[in-house]
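Chains as they are written, first to last, in this note's numbering: chain L, 251 to 402; chain R, 6 to 144.
Just so you know, the hints here were simulated from the structure itself, not pulled from any lab data. Please read all numbers here as calculations on a predicted model, not as lab measurements. Not one of these hints is a red herring.
Okay, derived cross-link-like pairs now, BS3-like style, lysine-lysine, Cα gap no bigger than 27 Å in a straight line:
| hint | chain 1 | residue 1 | chain 2 | residue 2 |
| --- | --- | --- | --- | --- |
| 1 | L | K268 | R | K13 |
| 2 | L | K268 | R | K140 |
| 3 | R | K13 | R | K82 |
| 4 | L | K388 | L | K321 |
| 5 | R | K132 | R | K58 |
| 6 | R | K58 | L | K321 |
| 7 | L | K268 | L | K386 |
| 8 | R | K9 | L | K388 |
| 9 | L | K313 | L | K290 |
| 10 | L | K321 | R | K13 |
| 11 | R | K41 | L | K313 |
| 12 | L | K321 | R | K49 |
| 13 | R | K58 | R | K41 |
| 14 | R | K9 | L | K268 |
| 15 | R | K46 | L | K321 |
| 16 | R | K132 | L | K321 |
| 17 | R | K11 | R | K140 |
| 18 | R | K11 | L | K268 |
| 19 | L | K321 | R | K9 |
| 20 | L | K388 | R | K11 |
| 21 | R | K103 | R | K46 |
| 22 | L | K268 | R | K82 |
| 23 | R | K11 | L | K321 |
| 24 | R | K46 | R | K58 |
| 25 | L | K386 | L | K313 |
| 26 | L | K268 | R | K132 |
| 27 | R | K107 | L | K321 |
| 28 | R | K140 | R | K9 |
| 29 | R | K58 | R | K13 |
| 30 | R | K41 | L | K321 |
Listing some non-contacts, in silico: residues in chain L with all C-beta distances to chain R over 10 Å:
| hint | residue |
| --- | --- |
| 31 | V296 |
| 32 | V369 |
| 33 | T400 |
All C-beta atoms, glycine included, are put in the ideal place defined by N, C-alpha and C.
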Amino acid sequence: MSKDLLAPFSNAASQTFKLMLDLDVTTDMVETSESLHDNKEKIGIVIEITGDLAGEVMYSFPKDTTLEMVKIMSGMEFSEIDEFVKSALGEIANIISGNAMTGLSQNQLSCDIRPPQIVESREGANTEGCSIQRAKVKTAIGDVELNLRTGS
Amino acid sequence: MIWKEKYKIGVPEIDGQHEELFARVTTFVQTLRSDKPWEDKVAKVNETLEFMKDYVVTHFQDEEAYQAEIGYPYLEKHREVHNNMVAYVAAVSEEYEKEGYKEELMQQFGGRLLAWLINHVVAEDQKIAEYARSKEVTQ
Ligand SMILES: [Fe+2]
Ligand SMILES: [Fe+2]
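Can you build the whole structure from these sequences, using the hints too?
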């Protein structure tokens, strides 16, 4: 059951990276106890989910991966995580989540998403008392972490 | 942004509009991202924004007309996505005028527009082509 909820998100991420960025992707499901923290600077995008599956999904993008993604899309060099980059990344997370909603609806779950919120930090979100599922989406330009948190 | 042959849906009018949109958004982003001070680029940014406001509406109408013509079953859903984008562009440009043409909002707009347009053309609009091919009504 738990892995099934995350699959629509990781599938949507793979599909979106493939189509938008021409990136091939492999996905690892990560055990809850396993720490994903490393010392890389990350940008987190949190999207709240409402409806049959209430909770939130957080995408954690390494800084260099983010800059490379924006470069692939625009054909221009980016060196800093500025407003333009954050907004582009938020839209990508929004697109992935929107596609995941379609996947969830095929599992008879009717949900909606709220606009993306950007959180810049080196730490993951506080996940106390909640059910968390994690996946790591691996690409040639770095690994993106997916955290799906559903109500405790 | 780099226009690729594989983005084509096989309808010259629509493909031409997509290519034009890619070119305009590229110019917009290049202007937005150039090292020049904001005062030096704001005129060009505003000009492109005005063009985009009209052009997306024209394009969306033409594309929806094509979808209707081939009996595309997801036209209503697609129209809703178009309408949401038009509403977003209108809301941003209204706020932008109201706050006196500040840079930050345009940087945010540029980033979102870039990602939105690529995904929409490459993923959503491609589905129209897939349907047309499945019905063999292209051209
Ligand atoms: Fe289009
Ligand atoms: Fe479209």
